[in-house]
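Participant: Sequence:
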Amino acid sequence: MIATTGARYREEMDDVYSILEEQPLSAAVRCRRSTSSQADGWRWRVQVEGEMTCDDEFFYLREEYAAFEGEVGEGEVAEGEAAEGGVAEGGVVEGEVEVYRATRSHRIRRLMG
Numbered sequence: 067m068i069a070t071t072g073a074r075y076r077e078e079m080d081d082v083y084s085i086l087e088e089q090p091l092s093a094a095v096r097c098r099r100s101t102s103s104q105a106d107g108w109r110w111r112v113q114v115e116g117e118m119t120c121d122d123e124f125f126y127l128r129e130e131y132a133a134f135e136g137e138v139g140e141g142e143v144a145e146g147e148a149a150e151g152g153v154a155e156g157g158v159v160e161g162e163v164e165v166y167r168a169t170r171s172h173r174i175r176r177l178m179g
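Okay, so the sequence shown: first residue is 67 according to the numbering used here, each after it adds one.
These are calculated hints, taken from the structure and not from any lab test.
Where is the CB? At the ideal position from N, CA and C, for every residue including glycine.
One thing to keep in mind: the hints can contain errors.
DEER-style ranges, computed between Cβ atoms [what the hints assert, rightly or not]: (1) Leu177 x Glu137: 43 to 53 Å; (2) Phe124 x Gly72: 41 to 51 Å; (3) Ala133 x Asp106: 10 to 20 Å; (4) Pro90 x Val165: 35 to 45 Å; (5) Thr70 x Ala93: 36 to 46 Å; (6) Trp110 x Arg176: 36 to 46 Å; (7) Leu177 x Ala133: 29 to 39 Å; (8) Val82 x Arg167: 17 to 27 Å.
When you get a sec, could you build the whole thing from the sequences and use the hints?
Facilitator: Printed below as a string of C-alpha cells:
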C-alpha cells in the first residue's frame with residue numbers, strides 16, 4: 067500500500083527458460099508481467115506475455131498485451147492477494163472489464179557467421 071494515497075500497487079513477474087540437451091534450437095523463453103493498482107473504488111491491471119523460440123533460420127517472437135479496469139467491490143483486494151473477492155492469477159474479477167487486447171508476432175532472421 068502507498069501510505070500517502072492509500073492506493074494498492076502490485077507487480078508480478080515470471081520467466082521460464084527451456085532447452086533440450088544437445089538440441090540448441092529447442093531453446094525457448096516465456097515471460098509474463100502483470101501490474102495492477104486500486105484506489106478510491108477503482109482498479110486497473112495490465113498484463114503482458116511474451117515468448118521467443120527459434121529455428122535454424124529465424125527467431126520467432128510473440129507478444130500479447132491486455133488491459134482491464136473496473137470498480138472495486140467491498141472486501142476486494144489487489145490482484146494476487148489472497149482474500150475473498152480477490153483476483154485469481156491471470157483471471158478477471160467480478161466487475162472487471164477487458165478494455166484492450168492485442169497480439170503481435172515477429173520473425174527475425176538470424177545472423178549466421
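Participant: All the hints need checking, so say for each whether the structure fits it.
Facilitator: Hint-by-hint comparison with the structure:
In this structure, Leu177 and Glu137 meet the distance hint of 43 to 53 Å, their C-beta atoms being roughly 50 Å apart. The supplied range of 41 to 51 Å is met by Phe124 and Gly72, whose beta-carbon atoms lie about 49 Å from each other. Range check, Ala133 to Asp106: Cβ separation about 19 Å, and the 10 to 20 Å hint holds. In this structure the supplied range 35 to 45 Å holds for Pro90 paired with Val165, their Cβ-Cβ distance being about 41 Å.
The hinted range of 36 to 46 Å is satisfied by Thr70 and Ala93, whose Cβ atoms lie roughly 45 Å apart. Against the hinted window of 36 to 46 Å, the Cβ-Cβ separation of Trp110 and Arg176 comes to about 38 Å, which satisfies the hint. In this structure the supplied range 29 to 39 Å holds for Leu177 paired with Ala133, their Cβ-Cβ distance being about 35 Å. The supplied range of 17 to 27 Å is met by Val82 and Arg167, whose beta-carbon atoms lie about 22 Å from each other.
Violation of the numbered hints given earlier is absent; every hint is satisfied by the structure.
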